[in-house]
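S.K.: Residue numbers (the numbering used here), protein chains in the order written: chain A, 355 to 446; chain B, 6 to 204.
Hints are computed from structural coordinates only; laboratory data are not their basis. A few of these clues could be false.
[As the list claims (entries may be wrong)] List of simulated lysine to any residue pairs, SDA-like, C-alpha gap at most 20 angstroms: (1) B:85 to A:439; (2) B:9 to A:419; (3) A:415 to B:86; (4) B:9 to A:431; (5) B:21 to A:430; (6) A:440 to B:84; (7) A:438 to B:84; (8) B:173 to A:430; (9) A:358 to A:390; (10) B:173 to A:441; (11) B:87 to A:436; (12) B:51 to B:142; (13) B:21 to A:423; (14) A:438 to B:87; (15) B:87 to A:407; (16) B:87 to A:414; (17) A:415 to B:91; (18) B:173 to A:434; (19) B:85 to A:431; (20) A:420 to B:20; (21) A:420 to B:21; (22) B:173 to A:435; (23) A:440 to B:86; (24) B:87 to A:423; (25) A:420 to B:17; (26) B:9 to A:422; (27) B:173 to A:431; (28) B:87 to A:413; (29) A:415 to B:19; (30) B:85 to A:442; (31) B:173 to A:437; (32) A:440 to B:85; (33) B:21 to A:419.
[Stated by the list, open to error] Short derived list, chain A residues pointing at chain B, Cβ under 7 angstroms: (34) 424; (35) 425; (36) 426; (37) 427; (38) 430; (39) 433.
Every residue, glycine too, gets a C-beta built ideally from N, C-alpha and C.
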Amino acid sequence: MDKKLPISCPSCSAGLKVKSLYCENCETTITGQFELPVLLRLEPREQNFILDFIQCSGSLKLMASKLNLSYPTVRNMLDDLIGKIKNLQHHD
Amino acid sequence: MIKKLINPFYYIAGLKSLALGLAIIILSSTIGYFSHTHFPSIISIKTSPDMPLWYFIIQNLINWLTISTFMYIAAILFSKSKVRIIDIYGTQALARYPYFPAAFIGFSEALELFGKYILWTTLKMGEPVEISNIEIMVAVTLIVFSLLLTIWLIALMFNAFKISANIKGSKLSIIFIIVLVISVIITEYLNYQFTLKLY
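Go ahead and model the full structure; you've got the sequences and the hints to work with.
M.R.: Now the structure itself:
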């Protein structure tokens, strides 16, 4: 089963931070307070969109044909994503 | 399926929708020529006088070009996205497909007869007309049908503009209404002048 990385608090909806990291190999645990990178704070479908976009060499035309959507639909998705990323970076 | 009927532009835009849309516009004009149905503004269906085929085609092209041009200007002014001209003109051409079935309306004589009947009974204009109850029912059904097609056309034009210009929220609705009203007035005027020159 694929576990979904929680990015917001289920109780108050605030953004979550990383408190501990664990090494499976030597069982070392590092504790502290780390920010999640911007890309990890996106929804899984948005992360998949970015992966598809990179795999299409950044071509919206290729993306549109791969997703069976029109060019402006894909461009609007990208513009929405750019807006969201700018917003996340602004709040950092 | 319903999404494809109300918002086909989610899946199709650009050159593909332009080619399909222009084919539909020319087909609607040709059927309109035979059925004596014309479209004297972007959202109007009327029975037409005897005119050559190219009159119907040019009238439909005027409607499409006018709304597309105003929408393109609005998109340049208000959109934050890189808007492609081919998407605006292409999706607006395809948005006119509800007027393809509308072009068949004129094949029924009931509508013209009903119009003459209303003119005579309310304004005493023209000549007395005899009309049966069935003909009245057919005419009313056709009027309701054309009204529904016009609502469908407006919904399609709205969705075409929303996707090709990427404008959202109340800004989208306000800009769309303004562009629609301006285009109705201008196409009505242009088509009126165009018809006058042919008489």
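S.K.: Give a verdict on every hint.
M.R.: How the hints compare with the structure:
1. B:85 to A:439: The given pair, whose Cα atoms are some 16 angstroms apart, holds under the 20 angstroms limit.
2. B:9 to A:419: With a Cα-Cα distance of about 17 angstroms, the restraint between residue 9 (chain B) and residue 419 (chain A) holds, given a limit of 20 angstroms.
3. A:415 to B:86: holds (16 angstroms)
4. B:9 to A:431: holds (18 angstroms)
5. B:21 to A:430: Given pair residue 21 (chain B), residue 430 (chain A) holds - Cα atoms ~19 angstroms apart, limit 20 angstroms.
6. A:440 to B:84: holds (18 angstroms)
7. A:438 to B:84: holds (17 angstroms)
8. B:173 to A:430: With Cα atoms ~11 angstroms apart, residue 173 (chain B) and residue 430 (chain A) stay inside 20 angstroms; holds.
9. A:358 to A:390: Holds, because 14 angstroms separates the two Cα atoms, which is no more than 20 angstroms.
10. B:173 to A:441: Holds - the C-alpha atoms of residue 441 (chain A) and residue 173 (chain B) are around 17 angstroms apart, at most 20 angstroms.
11. B:87 to A:436: Holds, because 13 angstroms separates the two Cα atoms, which is no more than 20 angstroms.
12. B:51 to B:142: holds (18 angstroms)
13. B:21 to A:423: holds (12 angstroms)
14. A:438 to B:87: Roughly 17 angstroms between the alpha carbons, so the hint for residue 438 (chain A) and residue 87 (chain B) holds.
15. B:87 to A:407: Within the cut-off at roughly 17 angstroms; holds.
16. B:87 to A:414: holds (12 angstroms)
17. A:415 to B:91: holds (14 angstroms)
18. B:173 to A:434: With a Cα-Cα distance of about 11 angstroms, the restraint between residue 173 (chain B) and residue 434 (chain A) holds, given a limit of 20 angstroms.
19. B:85 to A:431: holds (13 angstroms)
20. A:420 to B:20: Holds, at about 18 angstroms.
21. A:420 to B:21: holds (16 angstroms)
22. B:173 to A:435: holds (15 angstroms)
23. A:440 to B:86: OK: residue 440 (chain A) and residue 86 (chain B) at ~15 angstroms, within 20 angstroms.
24. B:87 to A:423: Holds. Residue 87 (chain B) to residue 423 (chain A) sits at ~17 angstroms (cutoff 20 angstroms).
25. A:420 to B:17: It holds: about 13 angstroms lies between the C-alpha atoms, which stays within 20 angstroms.
26. B:9 to A:422: holds (13 angstroms)
27. B:173 to A:431: holds (13 angstroms)
28. B:87 to A:413: Holds, at roughly 14 angstroms.
29. A:415 to B:19: Since the Cα atoms of residue 415 (chain A) and residue 19 (chain B) sit roughly 11 angstroms apart, the hinted pair holds (cutoff 20 angstroms).
30. B:85 to A:442: The given pair, whose Cα atoms are some 19 angstroms apart, holds under the 20 angstroms limit.
31. B:173 to A:437: This hinted pair holds, its Cα atoms lying about 13 angstroms apart.
32. A:440 to B:85: holds (14 angstroms)
33. B:21 to A:419: holds (13 angstroms)
34. 424: Residue 424 (chain A) check passes; min Cβ-Cβ to chain B is 4 angstroms, inside 7 angstroms.
35. 425: holds (5 angstroms)
36. 426: holds (5 angstroms)
37. 427: Interface hint status for residue 427 (chain A): holds (5 angstroms vs cutoff 7 angstroms).
38. 430: holds (5 angstroms)
39. 433: holds (5 angstroms)
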